[in-house]
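Q: Sequence:
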Amino acid sequence: MPDPHFEGDVETRWLVESGEDRKMEMLSEFAFIDSTGYRWAAHLGEQVDGASIPEVVWSKVVGTPFIGDYRRASVVHDVACDRREKTSKEAHRMFYEAMLADGTSKERALLFYTAVRLFGPKWDQQRGFRQMFVAPVEEIDFDRFEAALDTVLGDR
Numbered sequence: 650m651p652d653p654h655f656e657g658d659v660e661t662r663w664l665v666e667s668g669e670d671r672k673m674e675m676l677s678e679f680a681f682i683d684s685t686g687y688r689w690a691a692h693l694g695e696q697v698d699g700a701s702i703p704e705v706v707w708s709k710v711v712g713t714p715f716i717g718d719y720r721r722a723s724v725v726h727d728v729a730c731d732r733r734e735k736t737s738k739e740a741h742r743m744f745y746e747a748m749l750a751d752g753t754s755k756e757r758a759l760l761f762y763t764a765v766r767l768f769g770p771k772w773d774q775q776r777g778f779r780q781m782f783v784a785p786v787e788e789i790d791f792d793r794f795e796a797a798l799d800t801v802l803g804d805r
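If you're matching positions, the sequence shown starts at 650 in my numbering and goes up one per residue.
Quick caveat, the hints were computed from the structure, so don't treat them as lab data. Treat each hint with caution, since some may be false.
Said to hold, decoys possible - Calculated cross-link-like contacts (lysine-lysine; reagent style DSSO-like; alpha-carbon spacing at most 27 Å):
(1) K771 <-> K735
(2) K672 <-> K735
(3) K672 <-> K738
(4) K735 <-> K755
(5) K755 <-> K771
(6) K738 <-> K771
(7) K755 <-> K738
(8) K672 <-> K771
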């Protein structure tokens, strides 16, 4: 298995539009090779908008869309979420690996991975976008669900 790594440099230009003006256009190809050897590429002309961090939690701890050691990972993740070449679970795992390859601490990478798994887009290759929960909400065992969150969040 290859070591996860980036290829190329992120070269973009800001797009001017109404509203937040967060979108950028890729000026050259940039890619991340994951631990399976899959090449997640952001091609010339594709658009990205930085890490999808809600503005209410922007800080030195969490970060902002364009400042942080996860910036390059957010570029390939944005494109992966637009293209949906692989499942959302695979795209979000790639985001985790890319953050680690870019020097993000494991703690922060796990936090961001958990956030995109819980609140980010969900799709699979056959059915398109999915609801947040696969099982009907009424069938979810709350105690098991809460225990899983406690394990992830450290609230035992």
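Q: Hints numbered earlier in the text: which of these fail when held up against the supplied structure?
A: none
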